[in-house]
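If you read the protein sequences in the order shown, they are chains U and F.
Residues 1 to 462 in our numbering are what the first sequence lists, from first letter to last.
Residues 1001 to 1082 in our numbering are what the second sequence lists, from first letter to last.
Treat the hints with care, as some may be off.
Stretches of chain U that chain F covers, calculated by requiring three or more beta carbons in the stretch to come under 8 Å of a beta carbon on chain F [unchecked claim]:
{"hint": "1", "segment": "138 to 152"}
{"hint": "2", "segment": "342 to 348"}
Anything over 12 Å on all C-beta distances counts as not near chain U; from chain F, calculated [unchecked claim]:
{"hint": "3", "residue": "ARG1055"}
{"hint": "4", "residue": "ILE1056"}
{"hint": "5", "residue": "ALA1057"}
{"hint": "6", "residue": "SER1058"}
{"hint": "7", "residue": "PHE1059"}
{"hint": "8", "residue": "PHE1060"}
{"hint": "9", "residue": "LYS1061"}
{"hint": "10", "residue": "ARG1062"}
Hints listed in this document are in silico derivations from the structure and should not be mistaken for laboratory results.
All C-beta atoms in this analysis are idealised placements derived from N, C-alpha and C, irrespective of residue type, glycine included.
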Amino acid sequence: MTQPSGAEFRTFRDPAGSLTIESDRVVRRVRPGYEDATREFLSSKLRQQWEDRGDMVATTVASDGPDGIELHHPRIWFSTYPWEWTLGQWRAAAELTLKLQQEAIAAGWILKDATPLNILFRGSQPVLVDVLSFEKRDPQSPVWLAYAQFVRTFLLPLIAHKWLHWPLSVTSSRRDGFEPHEIFSALPRLRRFRPELLWPVTLPVLLEGSAENPENTRKARQMHRDPEITTLVLGKSAKGLLKQVRRAAPPPGETAWSKYESTAAHYTAAEIAAKQKFVKEAIATAAPASVLDVGANTGTYSLMAAEQGAQVLALEGDASAADRIWQRSQAAGANVTPVVANLAWPTPAYGWENSETHALLERMNKKFDLVLMLAVVHHLLLHDQVPLENIVHLIARLTRKWLLLEWVPLQDPMFQKLLRGREDLYGSLSEAQWAAAAAPYFEQVRREELSNGRVMLLYRLK
Amino acid sequence: MRKFSALFSWMVIAIGFLLASEKQAHAYADPGSSLLILQTVGSIVTATGLYFRRRIASFFKRGKSTETAAEATEQTVSPAAK
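Produce the entire structure from the sequences given, and follow the hints as far as they go.
Set out below in structure tokens:
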């Protein structure tokens, strides 16, 4: 498996330009006919202000001549896709999109596409990465053509998550989001007329008959008004969407996983302190620039690594626990990016020819100086039935040098909980078997057994 | 009743006028159909609200300026009347 390279990845949907991802930068080529608009936007105060604030990715003009314009952007350390985001990330991405739309309207510009796929996260902060998303707006048009795209790709997934409990991860199968009728037909009849569902779901469905006439949509699209009114209308529509997003994505509820740390009965305070001391010292020894925390739970150790100067990717399968990571990372201003994903069933590549997004393992391949596997191996083994040798093989593909592991022994209550009567298969598992599986790839640097029987291990790649 | 029918006629004319004009748009994202019409409904509601706010504001302004003029006239006239 290789790192995503230019030859493998090139965008094609936007008629204004294409994008190529190279190992250390992102190259954007502006297509003929869009050069003047691009120059105007790049020289605008708005773009400069957004870059300074960190709301938009930085852009440098690499060349501007008869062959067209070539722009360069720095790479965001780790790309995550909307189907790997937590609820809080969805809300933050939607809020950023609408904030930029509001500011653009006031300055005479407009967002021409409004999809979560144009947002990446730098740590816990959303960043708009598509600089070709803006165009000068027609001062007499009160229509925001990307309004429907925003509703389909941002608002309706959030509404479906809140009212129908559809996981946000299902958006992986819907590049252009949901149509109102899909949500409408899944809603109980009376609920369809709740105020927060009436406007984005029920009214569009009731208007479908009228919308079937192409003449009506053509006329609606070509509306023409007094500039003062259009500014007011566009501003109100963005403000209304912001309100709807906040109602659809309230702060998350607690789950057993997000309560895990505070209720972890299998650990005494002294054992937690001993574990944290080992992890802190191991991170200091490894001095990693980049860390992957597998099964990060609510992010205690991810934040610890970030405090010691690393960029951290926190992988967590439970969306509520991952959202807690995002909240903690945001509150601390830490460089921790959560990913809602499962190492044993990782996100595949999607899109045209499976080449528009990258598989999670492809993005993670040899990306990290240190991989944290704290109390995870027994989950992969017992819950996902992955043999120890396969687990070690995968870790060796992810880390560039270090592995920090917490081994949960057979006698541990958490191991017993997952065993579920399969003693014949796993009942004789020992740390020695793990050590034998790890030996071909890793050398042990440090070992410490905690008083609850768990073992902390620091390894270096051979 | 006459006022209501005048208002209704104004709204019909305004909507007709708004839907009649044409402009080029360059965005490539699917603008939807029912959501697009919903957006135009929203914009008509907003524009109508703005129109009435302006009418009400101008009514009070006119009332205020008339009153001020009347007061001023009274003040000017009063001494002579006395």
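Hints versus structure:
Coverage of a stretch by a chain is defined here by at least three residues with a beta carbon nearer than 8 Å to that chain's beta carbons; for the segment 138 to 152 of chain U and chain F the count is 13, and the condition holds. Figure legend: the segment 342 to 348 of chain U, annotated as covered by chain F; annotation inconsistent (0 residues with Cβ-Cβ distances under 8 Å, at least 3 required). With 12 Å as the threshold on Cβ separation, the claim that ARG1055 of chain F sits away from chain U holds: the shortest Cβ distance comes to roughly 14 Å. Look at ILE1056 of chain F: its CB is around 16 Å from the nearest CB on chain U, clear of 12 Å, so calling it non-interface holds up.
At the 12 Å boundary, the C-beta of ALA1057 of chain F stays outside the reach of chain U, the nearest C-beta of that chain being 14 Å off. With 12 Å as the threshold on Cβ separation, the claim that SER1058 of chain F sits away from chain U holds: the shortest Cβ distance comes to roughly 15 Å. With a minimum CB-CB distance of about 20 Å to chain U, PHE1059 of chain F clears the 12 Å threshold, and the non-interface call stands. With a minimum CB-CB distance of about 20 Å to chain U, PHE1060 of chain F clears the 12 Å threshold, and the non-interface call stands.
The non-interface label for LYS1061 of chain F is consistent with chain U: the shortest C-beta to C-beta separation is roughly 18 Å, beyond 12 Å. Non-interface call for ARG1062 of chain F relative to chain U: holds, since the shortest CB-CB distance, roughly 21 Å, exceeds 12 Å.
Hint compliance for this structure: hint 2 is the single one not met.
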